[in-house]
Amino acid sequence: MKKMYATIDGIQVPIEGEKNLLEVIRKANIELPTFCYHSDISVYGACRMCMVEIEGRGLQPSCSTAAADGMVVKTNTREIRNLRKMIVELMLAHHDQNCTTCPKSGECRLQEIAQQLGVSKVRFKQLADFAPFDDSSDAIVRDPSKCVLCGDCVRVCSEIQSVGVLDFARRGSASTVVACFDKPFGTVECVNCGQCVKVCPVGALTPKFQINEVWNALHDSKKTVVVQIAPAVRVAVGEYFGYKPGTATTGQIITALRMMGFDQVYDTSFAADLTVLQEGDEFLERYGKQQNLPQFTSCCPAWVKFAEQYYPDMLPNLSTCKSPQQMFGSVCKDQLTKMLNISREDLVVVSIMPCTAKKFEAKRPEFKEGNNPDVDFVLTTKELSLMVKEQGIDFEKLEPGSFDLPFGFKTGAGVIFGNSGGVSEAVLRYAASKLNHGKMIDVKELRGGESTRIAEIKIGEVTLRLAVVSGLANARKLIDKIRRGEEHFDLVEVMACCGGCINGGGQPTSSDHQHVSKRAKGLQDQDKMLQFHSAQENPYLQELMRDDLTAEKAHHLLHTLYQNRKRISLEDIMIRKPSAETKISMKICLGTSCFLRGAQTLYTQLNDYIHSQGLDDVTEVSASFCNERCQKGPVVIINGNVLEHCTFERAVAELKRIQ
Amino acid sequence: MQHSSLEERKQHYHDCMSQYKAKIVICGGTGCIANGAMDIFHRFEAVIAAKGLKATVALQKEQADYILSKSGCQGFCQMGPLVTLYPQGIFYVHVKADDVEEIVEKTLLQGELIPRLLIHDDETGEPLPDTAHIPFYAKQERTTLKLCGMIDAQDIDEYIAHDGYTMARKAVLDMTDQEVCQAITASGLRGRGGGGFPTGRKWDLTRVQVNDTKYVICNGDEGDPGAFMDRCVMEGNPHSVLEGMIIAAKAIGANCGYIYVRAEYPLAVERLKLAVKAAKEAGFLGEQIFGSTMNFDMIIMEGAGAFVCGEETALMASIEGRRGMPMPKPPFPAVKGLFGKPTVINNVETLATVPVAMQMGVENYAAKGTAKSSGTKTFALTGHVAHTGLIEVPFGTTLREIIVDIGGGVINDDGSNCGADFKAVQIGGPSGGCLTQEHLDMPLDYDNLLSVGAMIGSGGLVVMNQQTCLIQIARFFMQFTQNESCGKCVVCREGTRQMLGLLEDITEGRATKESLELLEELAHVVKIGSLCGLGKTAPNPVLSTMKYFRDEYNAHVFDKKCPTNQCQALSCYQVVAELCKSCGLCAKKCPVNAISGAKGVPYVIDQDVCIKCGVCMETCKFHAIVK
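Chains D and H are the protein sequences, given in the same order. Residue numbering for the first sequence follows the working numbering, beginning at 1 and increasing consecutively. Residue numbering for the second sequence follows the working numbering, beginning at 660 and increasing consecutively.
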């Protein structure tokens, strides 16, 4: 095969199947300034920063141009420099330029690029018409005055997460990103995964900080403040202090937390070990009875809200186990209040998470005793770094410390929770021991970079079929396959963030294109360095379970129920009530889309037909609102059979058939 | 299903028509309808019936004395409502419902002309009986528009009687897809929506894509302010558009067509829907069209009020139900268009021209116009000319011929006709540049105009007299563009807003030397940096007016004066001392008490206080206050 080359600013670079010219230009060691380009989502072409001069073709956007053999490209002509500078000036003219008070200061791409291009003045009139600031969500804050309309949040929510809760509204310079129907962000179907926060280049989307609340608790001498750190945090927080992604700075984090005033520093992985045991037992019981399979993991709160909203009929398949964060909170508050002889109100549990959805999870009403939550505050990795810096701590120079006991002791199974595939692997290691298979430590089939991984694992005479999926659009595809009967699994692990918690919404943004796999390896290495790799081997956990956690108590502290959050769950309107004689049940959707497709006429026709056939007494008729098959309307359901694109003839044929 | 052949239907039409003594055609384009054309139509029905005679309405074609028909736009919109009487072709203008009695009595029954309802020659004052004598029409070459204004848009048989659908049948049954593409390429037809891309080549690029599903889209989202060419075609001869689409479908191998028509054209939407229905019933659309193995379905989609949806990728996004924002090209629609399938998207006029060009012979069509721009183009001639309306001329026609010969000359604000003395002609709407007196004799075609920084665009021609402030014009178009910008790319979204701000500064006396420099620099950036045609061409009015009328800009910026006195903020109201009678009325009316004086002394306006509202000038009975 002939090798293909492009010449970029005089440097010859091979073309090896890259998606576009921008990625070929990277091979010439040039990182073009961009706002809207992101390799994981569709090309948008809006910021116009990546324009380059192609010989014979003029100025072209490199993100949407394919590289061709023999292309001669200049990336930094006078025209291009002027264009880029002016674009930044135009952006700044419609931007809240108060960098010093912005949560993204220091990490902001607009700041960075303005400096990089040497923009020293904004010659345009400052415009200050912005959509309102929105902090109605528990997890994510929206600040339209910082938005540069790159559309990355819109595309990531729609394409990667298939939730689509953000989109553009209005036009011209009044364009703005809004939540659906321009409602407050906290009231729409956002699952709080924070991927929008992760891709936002500026401070328009940030996690909802609880730094002040935590400082206040630490300063309150009446309170005992304890903290749990999630596994994914320890291999990422170092990036804020110059460390490479994947470097575990656990020891330094612990010392820093003690310096800040935390009374006890614990490890979420301890609770993860507990989750493994509970979930493993639950799974083996279901597997034995072949009931409610596949079992879906439930430790990802974004996935849980997603399931509640879009697949409420599958909620019985979700594990009833709480997440490690929540199990930790309820066990900790139960145990420490006794151990230290303090009230729940005087015990403050803080968790440090790579995740924005955990903030929402901690506030769920079912995770409280009375009015007191099991987990009081959740800090993201980012917030931890800010608190460390606020105190002036020189993180790099700290002596390492170690976790407090008993809740700081964990096995490797608890640590790998932070990786996609980690929960399943941890559960399998436990299951193997229960099925008398002996030790199972490395389940390599569940590791890897693909976002959907399927594996069949043999444990003794049992062959288990598992699926590991991350990214909610991928989860949706997999679940739809399961529901259509095209796939079947025993256990499915779902993580909302591609790659798992290490890529969560609260984690640092990294310019290292390999940062996810590096962080994953960091956790795998941590697992390898521990003496115990299976949750059931955790001696402190064994002690807890033996001495205190009866089955009944475990059920109360460690398990939960879910709610149907399907957006349209209005009662059907009963037109003809059912009775003992009812043989035919007919439900016609009169939601807007079906209505526009003629459902009203259909309804009248069918009612007349029923009457003309003398079937009034044996037919139950109701009008429903939205079966969410809007594009396939009109929708008529007869005796449970769903008829899409229903015509009068089809409905009559069906009625005749069932008689 | 057995359908009667085209020949049978044509014969049937002529048989029916031969029985009528006369045909009365009332112009039913939007303009004339707004002026009461339907009242006139019904009055004809009533008056004829009252005289004991029978008039049939076009669709019925029963035994009768007369046939009443409602056509599409006849082009001379300024003179509407228009009524034409056949077979003589007598052309009555400014007809009112009360004139109908007289028309029936005198012209219909007695063959007499009514001079006051005729157009009169500009120079001799002689009444002109028919369009062959009227310069507005005589100097045009109505080719694509030939049947517009003549036939009833809602009567498919009238279209067939003029050999309608014969070219579609030929393409579908007797030609290969490649032959169709070659024929259109030979005609030299270029996209009439503004792009000017060779139509035959566009079809061929789509033809060679391998895919079971392909689409033909008709772009009827005519959004340029002041442009109504496509509207007239859709209202006046919708079948020509359908025929063009069928031929396009055969050329590329498409099985489904969409007509995207802006919702602000309800009459066009209605007539297109009726046309599609009639074409389906006749077997020209739907399954196995013309008895062949080809299927071609047609869907009409209404726009939702966005000028940017005239841009092809935004239009396709709109059809798909997404937000109408353009996408970067490549990929081009020919390769990956609607729903990701190969798509040909053509303008209304382009499609309506296809059957016309084929019928007259594509070489004959190519022989019209200029070497690289063959054929004819419709223009919406508006602004300060004596005769405004819809015209069609071959490429190569000069501005002089259009403005003077057809348009009848430039009209000043005081009503006087000053021949060819215009200030500028805006061509191509908000995407276009302006032409000046120096271009009067330049043959108009795609390439000539591009070489002087203008473009044919969709065909909007706005003539502006010497009393026009061109910066106000540039500002008007920039306001339009900023309103319609979708907001996707920074450059257009923020750039047009800032340009508008700078133009407002200039017209309101706040501009400085830096404003002018910044405006020019920004205009260049918006032109090269924008994602789509809307943004790329938005600076054209600014750059064009700056090129030819720099002095006017300088006057606004440095002298803080508007040479044409149109810019309110720069006007200076003064009392002419000799004419002032010291009545004091102006001072009483002044809302800011800027005028002072006393009996016997002329009043004076304090310029520092004056807010330039103009009330004093309106009030003064002695015309003693001037601007």
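Be careful, since some hints might not be right.
[To be verified] Listed below are several chain H residues computed to face chain D (Cβ distance under 10 Å; list not exhaustive):
(1) TYR745
(2) SER951
(3) MET984
(4) PRO987
(5) THR1140
(6) VAL1150
(7) GLY1154
(8) THR1155
(9) ARG1156
(10) GLU1180
(11) GLY1188
(12) SER1189
(13) GLY1192
(14) ALA1253
(15) GLY1256
[Unchecked claim] Some chain D residues near chain H, calculated using beta-carbon distances under 10 Å:
(16) GLY56
(17) LEU59
(18) GLN60
(19) SER64
(20) LEU90
(21) HIS94
(22) VAL148
(23) LEU149
(24) CYS150
(25) ARG171
(26) SER175
(27) PRO312
(28) LEU315
(29) ASN317
(30) LYS363
[Unchecked claim] Simulated crosslink set (DSS-like; lysine-lysine; CA at most 30 Å straight-line):
(31) LYS632(D) x LYS682(H)
(32) LYS528(D) x LYS477(D)
(33) LYS1172(H) x LYS85(D)
(34) LYS939(H) x LYS27(D)
(35) LYS1247(H) x LYS1172(H)
(36) LYS1000(H) x LYS74(D)
(37) LYS19(D) x LYS1247(H)
(38) LYS1206(H) x LYS632(D)
(39) LYS1206(H) x LYS995(H)
(40) LYS74(D) x LYS1172(H)
If you are wondering where the hints come from, they were derived from the structure by calculation, not from laboratory data. In this text the structure is predicted, and so the values were computed from the model without any measurement. Yeah, the Cβ is synthetic: ideal placement off N, Cα and C, and Gly gets one too.
Structure-based check of each hint:
Evaluation of the TYR745(H) hint against chain D yields a violated restraint, the C-beta minimum of about 44 Å exceeding 10 Å. Hint status for SER951(H) relative to chain D: violated, with the closest Cβ pair at about 28 Å, above 10 Å. Checking MET984(H) against chain D: minimum C-beta separation of about 8 Å stays under 10 Å; hint holds. Hint on PRO987(H) holds. Least Cβ distance to chain D is approximately 4 Å, under the 10 Å limit.
The interface hint given for THR1140(H) is met, as the beta carbon of that residue sits about 9 Å from the closest beta carbon of chain D, less than 10 Å. With a least beta-carbon distance of about 5 Å to chain D, the hint placing VAL1150(H) at the interface is held under the 10 Å criterion. Evaluation of the GLY1154(H) hint against chain D yields a held restraint, the C-beta minimum of about 6 Å falling below 10 Å. With 10 Å as the threshold, the beta carbon of THR1155(H) comes within range of chain D, its nearest partner Cβ sitting at about 7 Å, so the hint holds.
Interface restraint check: ARG1156(H) against chain D, minimum CB-CB distance 4 Å, threshold 10 Å, status holds. This hint holds: GLU1180(H) has a C-beta 7 Å from the nearest C-beta of chain D, less than the 10 Å allowed. Interface restraint check for GLY1188(H): the shortest CB-CB distance to chain D comes to about 5 Å, inside 10 Å, so the restraint holds. With a cut of 10 Å, the hint placing SER1189(H) at the interface with chain D holds, because the nearest CB-to-CB distance is about 7 Å.
With a cut of 10 Å, the hint placing GLY1192(H) at the interface with chain D is violated, because the nearest CB-to-CB distance is about 14 Å. The restraint placing ALA1253(H) at the interface with chain D is violated, with a minimum CB-CB distance near 29 Å, outside the 10 Å limit. The criterion of a C-beta within 10 Å of any C-beta in chain D is not met by GLY1256(H), whose closest approach is roughly 40 Å, and the hint is violated. Look at GLY56(D): its Cβ only gets to about 15 Å from chain H, farther than 10 Å, so that hint breaks.
At about 6 Å, the closest approach between the beta carbon of LEU59(D) and any beta carbon in chain H falls short of 10 Å, and the interface hint on this residue holds. Proximity of GLN60(D) to chain H holds as hinted, the smallest CB-CB distance being about 9 Å (cut-off 10 Å). For the restraint placing SER64(D) at the interface with chain H, the shortest Cβ-Cβ distance is roughly 4 Å, inside the 10 Å limit, so the hint holds. About 4 Å separates the beta-carbon of LEU90(D) from the nearest beta-carbon of chain H, less than 10 Å, and the hint is met.
Here the hint on HIS94(D) is kept, as its CB sits about 6 Å from the closest CB of chain H, short of 10 Å. Look at VAL148(D): its Cβ gets to within about 7 Å of chain H, closer than 10 Å, so that hint holds up. Taking 10 Å as the C-beta contact cut-off toward chain H, the hint placing LEU149(D) at the interface holds, the least distance being around 7 Å. A distance limit of 10 Å between C-beta atoms decides the matter here; for CYS150(D) the minimum to chain H is near 9 Å, and the interface restraint holds.
Nearest Cβ of chain H to the Cβ of ARG171(D): about 5 Å, under the 10 Å cut. The hint holds. The interface hint given for SER175(D) holds, since its Cβ lies 3 Å from the closest Cβ of chain H, which is under the 10 Å cut-off. Hint status for PRO312(D) relative to chain H: violated, with the closest Cβ pair at about 26 Å, above 10 Å. With a least beta-carbon distance of about 31 Å to chain H, the hint placing LEU315(D) at the interface is violated under the 10 Å criterion.
With a least beta-carbon distance of about 33 Å to chain H, the hint placing ASN317(D) at the interface is violated under the 10 Å criterion. With a least beta-carbon distance of about 33 Å to chain H, the hint placing LYS363(D) at the interface is violated under the 10 Å criterion. The straight-line distance between the Cα atoms of LYS632(D) and LYS682(H) is roughly 49 Å, outside the 30 Å bound, and the hint therefore fails. Of the pairs offered as hints, the one joining LYS528(D) and LYS477(D) is violated, with about 34 Å between alpha carbons and a cut-off of 30 Å exceeded.
A threshold of 30 Å between alpha carbons decides the hint, and for LYS1172(H) with LYS85(D) the separation of about 21 Å falls inside it, so the pair holds. Distance check on the hinted pair: LYS939(H) and LYS27(D) sit about 57 Å apart at the alpha-carbon level, beyond 30 Å; violated. With a CA separation close to 39 Å, the supplied pair LYS1247(H) and LYS1172(H) exceeds the 30 Å bound. Among the hinted pairs, LYS1000(H) with LYS74(D) is inconsistent with the structure: their alpha-carbon atoms are about 33 Å apart, more than 30 Å.
Taking the CA atoms of LYS19(D) and LYS1247(H), the gap is about 74 Å. The hint is violated against a cut of 30 Å. Between the alpha carbons of LYS1206(H) and LYS632(D) the distance comes to roughly 56 Å, so the proposed pair goes past 30 Å and is violated. With a CA separation close to 39 Å, the supplied pair LYS1206(H) and LYS995(H) exceeds the 30 Å bound. Between LYS74(D) and LYS1172(H) the alpha-carbon distance is near 33 Å, which puts this suggested pair outside the 30 Å criterion.
The structure shown violates the earlier hints numbered 1, 2, 13, 14, 15, 16, 27, 28, 29, 30, 31, 32, 34, 35, 36, 37, 38, 39 and 40.
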